[in-house]
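Just so you know, the sequences run in chain order B and Z.
First residue of the first sequence: 1, per the numbering used here; consecutive thereafter.
First residue of the second sequence: 1001, per the numbering used here; consecutive thereafter.
Keep in mind the hints are simulated off the structure, nothing from the lab.
Just so it is clear, the structure is predicted and the values come from calculations on it, not from any experiment.
Glycine is no exception: its CB is placed at the ideal position from the N, C-alpha and C atoms.
Please note that a few of the clues may not be correct.
Claimed, not checked - In the EDC-like style, the derived pairs of lysine to aspartate or glutamate whose C-alpha atoms are separated by at most 16 Å in a straight line are:
1) Lys103(B) with Asp1030(Z)
2) Lys1003(Z) with Glu44(B)
3) Lys103(B) with Glu1044(Z)
4) Lys57(B) with Glu1097(Z)
5) Lys1003(Z) with Asp1030(Z)
6) Lys103(B) with Glu1097(Z)
What the hints assert, rightly or not - Derived CB-CB ranges, DEER-like:
7) Ser5(B) with Asp1066(Z): 36 to 42 Å
8) Glu1044(Z) with Thr78(B): 25 to 31 Å
9) Phe1094(Z) with Gly3(B): 25 to 31 Å
10) Pro55(B) with Pro1039(Z): 30 to 36 Å
11) Asn1052(Z) with Thr76(B): 38 to 44 Å
12) Glu1058(Z) with Thr76(B): 33 to 39 Å
So you can see what is in the structure, the chains are spelled out below.
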Amino acid sequence: GAGVSQSPSNKVTEKGKDVELRCDPISGHTALYWYRQSLGQGLEFLIYFQGNSAPDKSGLPSDRFSAERTGGSVSTLTIQRTQQEDSAVYLCASSLLPGPNEKLFFGSGTQLSVL
Amino acid sequence: ELKVEQNPLFLSMQEGKNYTIYCNYSTTSDRLYWYRQDPGKSLESLFVLLSNGAVKQEGRLMASLDTKARLSTLHITAAVHDLSATYFCAVYNFGNEKLTFGTGTRLTIIP
Chain B
1 GAGVSQSPSN
11 KVTEKGKDVE
21 LRCDPISGHT
31 ALYWYRQSLG
41 QGLEFLIYFQ
51 GNSAPDKSGL
61 PSDRFSAERT
71 GGSVSTLTIQ
81 RTQQEDSAVY
91 LCASSLLPGP
101 NEKLFFGSGT
111 QLSVL
Chain Z
1001 ELKVEQNPLF
1011 LSMQEGKNYT
1021 IYCNYSTTSD
1031 RLYWYRQDPG
1041 KSLESLFVLL
1051 SNGAVKQEGR
1061 LMASLDTKAR
1071 LSTLHITAAV
1081 HDLSATYFCA
1091 VYNFGNEKLT
1101 FGTGTRLTII
1111 P
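Chain B with its partners taken away, still in its complex shape (with noise of 0.2 Å):
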């Protein structure tokens, strides 16, 4: 597609409910980033993955959260077990390659609220 894409754009959770929020890269990319954006808050890295592998987990807040990628594409971060403080924007960007001299492309984000 043209942009990153994600769906959905927003949720509404109910606290312990599992919810699945998927990415889309741009075409080609082989590098896909999921941030996390709160209320007031900078942008919070979560995991990084080059094709489907993910060298970096390390910002994954707790073993309820997971993300796969499948076919060097589709991305999908499940949060397990929902609480209230997962509320946030959960941001996914791609880049053609990984490393610091690409640019990143951002999707619009999933709006998550745990009720």
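Using the hints, position chain Z against chain B.
Just chain Z, lined up with the frame of chain B:
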């Protein structure tokens, strides 16, 4: 741990005025990025600064990088209303190969 600080966090300025947003970071890096985010929208890449002394300009915005001082600036010249947005800087950490973002500067241009 790399820390990235921006100031000011909030900035209201009148149209036509000049101002500068500052981005300080705590460890050595010579890769710095500026992004713009409009309310409810995604982040848009503005500048990629790849070396000490790098300066880039686009319209009324100019970004510079001083790696010795670990400082980047985003200068706004003769502000116009459509520059109202939140601006983020981000620093590439070569140690863990990821971007660390500042908390953002919310800029409001008043007519």
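Exercise. What hints, given by number in increasing order, does this structure fail?
Worked result: none
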